[in-house]
Amino acid sequence: MAHLDAAYNLARWLARDERDAEDVVQEACLRAFRFFDSFHGGNARAWLLAIVRNTYYTWLEKNRTQMLNVPFDEETLADGGDAATPAYESVERALQQEDSRRLVNRALDQLPAAFREIIVLRELEDMSYKEIATIADVPLGTVMSRLARARKMLLCSLQQIARES
Amino acid sequence: MDCTQTRDYLHGYIDRELDPVSAAALEQHLQSCAACQHVYERQSSLRAAVGRQAAYYTAPGDLADRIRARIGVATDKTVAKPHRPDWQWLQLGAAVAVTAVVTWMVTLQMGGARQDEIIAEQVITGHARSVLTNHLTDVASSDQHTVKPWLSSRLDFSPPVTDLTTDGYPLVGGRLDYLDNRPVAALVYRHRQHVIDLFIWPDPKANQSSAMKTLSRQGYNVLHWSGAGMTYWAISDLNQDELDAFTRVFSQR
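Here the protein sequences come in this chain order: V and A. FYI, in my numbering the residues of the first sequence are 45 to 209. FYI, in my numbering the residues of the second sequence are 13 to 265.
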């Protein structure tokens, strides 16, 4: 099935769990099939990803009681978030080590969903700002600022993990 | 542009989403400001590291089957066709039929001048239909020596088939389509997460190679050229520059 990997990748990053991601993708594909007539041409992958995203948030609403959503401490992290700070050296070193994949995955996993999804759409799915705006249902102007913030937070998160290890 | 503005626009610049005027102003600032240049380099390298190292989770092998089972579609591995014509498929069929009739009427009225435009619409419809009905290929193989004979044996011509994996465009396979009132070959390539369809059919008027024509519609980019008696239509959701690069690689082979 076309775009199934893209759908699963987004769902997996959002849900952070394999079984949940599969449930979300199945539900999203059923919806996509049912609402096929709402597809007016354009980018099919972006259309499907928008459905995956909506399905995930509906699913989250339903399962909210079971979810332990750890709030992201933006305040304490905001100080170190500039790429100009010396702490970045530790990140650079860490990224060159063998387990850097785990490091990046962990850092990304820790971001709040809104920032996690925008990184996944931009860096892993290679979506344009316009496509991201459609999928994430935000104004085009918000995409760049949210992405800037997401990258800054990711950097903080990386620094924190690099410092711990 | 000053430092504050530069930091604001930096991500748009990294993502190549700035308009040319702002991009030029930002570049000018970067050349004269070491601090901003520093931030730019680090953000770019972080971006590259994330793109390279973050996990891309691929769907479990049986997930597609489970979804097809739930949708009620036959689980034929190569060609996924609906088991019974439920209403969505009838609607799609009706839409295609309407398009066909309208296209035919328009063709009658306007003659050859708008011929390219009409084919472009058909190319887009063909591409979108194959992506949405999960019917990318009839013959799924990255081996040009499998795809070419498969297509030749079903068409009245032999399309040029080249695997471009080494250039970053792995061949996914081929399928038959129907465009410009004739059966045509469709080669399917992949570039990162993007699918590229390349439609090929013989055109007696195309013995001299013609210039590349580009157009974009509904989020797709379409490129059209001809040469050596064949006409070529490439379509993808890749941006125009990248689709350009693909067609250059293809025509040089």
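Simulated from the structure, these hints should not be mistaken for laboratory data. You may find that some hints are simply not true.
Within a straight-line C-alpha distance of at most 25 Å, the following computed SDA-like cross-link-like pairs (lysine to any residue) qualify [unchecked claim]: (1) V:K174 to A:R202; (2) A:K160 to A:E129; (3) V:K174 to A:D31; (4) A:K225 to A:Q252.
The structure displayed is predicted, hence computed values, not measured ones.
Quick rundown of the hints versus the structure:
no. : hint             : in the structure
1   : V:K174 to A:R202 : 22 Å, holds
2   : A:K160 to A:E129 : 28 Å, violated
3   : V:K174 to A:D31  : 14 Å, holds
4   : A:K225 to A:Q252 : 11 Å, holds
Hint 2 from the earlier list is the only one contradicted by this structure; the remaining hints agree with it.
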